[in-house]
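Each chain, written out:
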Amino acid sequence: MPNGDCMKTTNDISTELNRISPLLGRLKSEVVHPQAPVGYLEDHLAGAVWQKIDRSKTYNNKPRIVQMVLGLSAAAAILLAVTLTVRFTVDPAGVSPANTLYASNGITQEDIIYYLMDNVRELDEMDIATGLDIIAENPILPEVDIPAVHAWLEEYIDVLDEGLIADEYL
Amino acid sequence: MNYTDTDIIALCSNPSRKREGFTLLMEAYRERLYTVIRRIVIHHEDTSDILQNTFLNVWQGLDQFRGDAKLFTWLYRIATNEAISHLQRGKRQYWDDLPENVAATAQEVATDIPATELLEKLTRAVDILPEKQRAVFVLRYYEEMPYEEMSAMFGTSVGALKASYHHAVKKVERFLLTN
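Chains A and B, in that order, give the protein sequences. Counting with my numbering, you get residues 1 to 170 for the letters of the first sequence. Counting with my numbering, you get residues 1 to 179 for the letters of the second sequence.
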């Protein structure tokens with residue numbers, strides 16, 4: 001049973017609604033609550049939330065310089081992920097400046113992908129251009145072969161299409 | 001045992017019991033938050049994603065929660081902002097060009113259409129509203145939230161919220177009558 005204040009609020013809202021639209025006012029009494037699939041809230045939700053929390057801790061616990069690098073922008077992060085993929089793929093011995101930087105700070109490709117999944121929702125030409133500018137101008141970052149990044153970006157997107165990162169995050 | 005908001009906040013403030021407190025918070029509010037998010041974004045899959053992000057943000061912001069607002073109002077704000085951001089990212093084309101004048105009055109049409117059909121249309125009608133107007137409509141129409149509370153949530157004046165709700169109701173009504 002609602003208390004006095006709640007009843008008053010409900011009555012006010014009801015009066016206001018009936019004044020604006022008697023149709024919606026009458027319909028309100030028929031409204032039913034949307035239901036989650038059986039077991040979702042009870043069994044699945046908490047596990048999924050804890051997984052996200054633990055994953056975010058992994059990212060937040062990285063050394064500050066890594067956070068700076070990752071925090072530049074989502075676009076820059078995409079290109080970093082591309083570059084990282086390139087370096088590891090092309091130069092598995094890990095002698096390139098980029099590889100040294102990432103490795104020495106404990107960052108992994110998985111970290112970047114998690115970051116992308118949490119932060120990147122859209123990817124368009126402006127993001128790519130901004131990311132390229134940031135990478136090119138930022139003294140923290142090693143030299144980056146911009147044309148190579150462009151080329152690998154296309155391949156990277158193909159990888160995304162194959163399900164490395166779900167389309168809904170892009 | 002039933003835990004009050006004060007109990008939950010106290011547990012969450014204790015570093016060694018934060019996870020326990022947060023688990024209780026999720027259990028206490030998951031259903032209500034699910035409902036409000038689902039009403040805004042309509043589909044379960046989107047709701048699931050937004051609800052998880054909402055709880056992630058809550059976890060990360062718990063240390064900053066000072067209790068100035070009611071716990072549920074704070075949770076509503078995070079959930080609603082997440083839902084609005086989700087809709088904005090979708091860049092959807094809204095069906096905003098409903099005719100201003102309809103031939104029949106609401107009174108006449110309402111008597112001819114079964115309630116179940118109208119309810120289905122109501123869900124679709126909410127989907128045509130712009131993001132923030134949709135949130136205002138859901139919070140007022142379904143959740144019966146006072147304007148003052150909404151004003152604190154959105155940082156918008158009570159007058160602007162009343163106007164927004166009025167427009168939303170009229171748009172929904174027009175949709176029900178013309179589709």
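If you're looking for bench data, these hints aren't it; they were derived computationally from the structure. For each residue, glycine too, the CB sits at the ideal point set by N, CA and C. Among the clues, some could well be false.
If you anchor each label on the Cβ, the simulated ranges turn out as follows [said to hold, decoys possible]:
1. A/Pro37 to B/His166: 33 to 41 Å
2. A/Val32 to B/Gln64: 35 to 43 Å
3. B/His167 to A/Gly47: 36 to 44 Å
4. A/Val31 to B/Arg89: 22 to 30 Å
5. B/Ser85 to A/Gly47: 36 to 44 Å
6. A/Gly47 to B/Arg124: 14 to 22 Å
7. B/Asn2 to A/Pro37: 34 to 42 Å
Simulated crosslink set (DSS-like; lysine-lysine; CA at most 25 Å straight-line) [to be verified]:
8. B/Lys162 to B/Lys132
9. B/Lys170 to A/Lys28
10. B/Lys70 to B/Lys121
11. B/Lys18 to A/Lys52
Take a look, some chain B residues computed to stay more than 10 Å from chain A by CB distance [as the list claims (entries may be wrong)]:
12. Tyr3
13. Leu11
14. Pro15
15. Arg17
16. Glu20
17. Gly21
18. Thr47
19. Gln60
20. Asp63
21. Phe65
22. Asn81
23. Leu118
24. Lys132
25. Ala152
26. Phe154
Status of each hint after checking the structure:
1. Distance hint for A/Pro37 and B/His166: a CB-CB separation of about 35 Å, consistent with the stated range 33 to 41 Å.
2. For A/Val32 and B/Gln64, the hinted distance range of 35 to 43 Å is satisfied, since their beta carbons lie about 36 Å from each other.
3. Roughly 41 Å separates the CB atoms of B/His167 and A/Gly47, a value that falls within the hinted 36 to 44 Å.
4. For the hinted restraint 22 to 30 Å between A/Val31 and B/Arg89, the CB-CB distance of approximately 28 Å keeps it satisfied.
5. The hint said 36 to 44 Å for the Cβ distance between B/Ser85 and A/Gly47, and at roughly 24 Å that hint is violated.
6. At roughly 33 Å, the beta carbons of A/Gly47 and B/Arg124 sit outside the given window of 14 to 22 Å.
7. A hinted range of 34 to 42 Å is violated for the C-beta pair B/Asn2 and A/Pro37, which are about 26 Å apart.
8. Between B/Lys162 and B/Lys132, the direct Cα distance comes to roughly 13 Å. Compliance with the 25 Å bound is thereby established for this hinted pair.
9. A hinted pair counts as satisfied when its Cα atoms are at most 25 Å apart, and B/Lys170 with A/Lys28 qualifies at roughly 15 Å.
10. For the hint pairing B/Lys70 with B/Lys121, the CA-to-CA distance comes to about 34 Å; that exceeds 25 Å, so the pair is violated.
11. The straight-line distance between the Cα atoms of B/Lys18 and A/Lys52 is roughly 16 Å, inside the 25 Å bound, and the hint therefore holds.
12. Even its closest Cβ contact with chain A, about 16 Å, leaves B/Tyr3 beyond 10 Å, as expected for a residue assigned away from the interface.
13. Every CB of chain A lies more than 10 Å from the CB of B/Leu11, the least distance being 16 Å, so the non-interface label holds.
14. Separation of B/Pro15 from chain A is adequate, the least Cβ-Cβ distance of about 14 Å exceeding the 10 Å criterion.
15. At roughly 16 Å, the least C-beta separation between B/Arg17 and chain A is larger than 10 Å, which holds for a residue marked as non-interface.
16. No beta-carbon of chain A comes within 10 Å of the beta-carbon of B/Glu20; the shortest separation is about 12 Å.
17. Once the 10 Å rule is applied to beta carbons, B/Gly21 is consistent with being away from chain A; the minimum gap is 13 Å.
18. At roughly 8 Å from the closest C-beta of chain A, the C-beta of B/Thr47 falls inside 10 Å, breaking its exclusion from the interface.
19. With a least beta-carbon separation of about 7 Å from chain A, B/Gln60 fails to lie farther than 10 Å from that chain, contradicting its non-interface assignment.
20. Listed as outside the interface, B/Asp63 is consistent with that label: its C-beta sits roughly 13 Å from the nearest C-beta of chain A, beyond the 10 Å cut-off.
21. Interface exclusion of B/Phe65 from chain A stands, the closest Cβ pair being 16 Å apart, more than 10 Å.
22. Distance check on B/Asn81: its Cβ is at least 14 Å (rounded) from any Cβ of chain A, clearing the 10 Å threshold; non-interface status holds.
23. Chain A draws B/Leu118 into its interface by the beta-carbon criterion, the shortest separation being 6 Å against a cut-off of 10 Å.
24. No Cβ of chain A comes within 10 Å of the Cβ of B/Lys132; the nearest lies about 18 Å off, and the non-interface call holds.
25. For B/Ala152, the requirement that its beta carbon stay farther than 10 Å from each beta carbon of chain A is met, with the minimum near 15 Å.
26. With a least CB separation of 17 Å from chain A, B/Phe154 remains clear of the 10 Å interface cut-off, as annotated.
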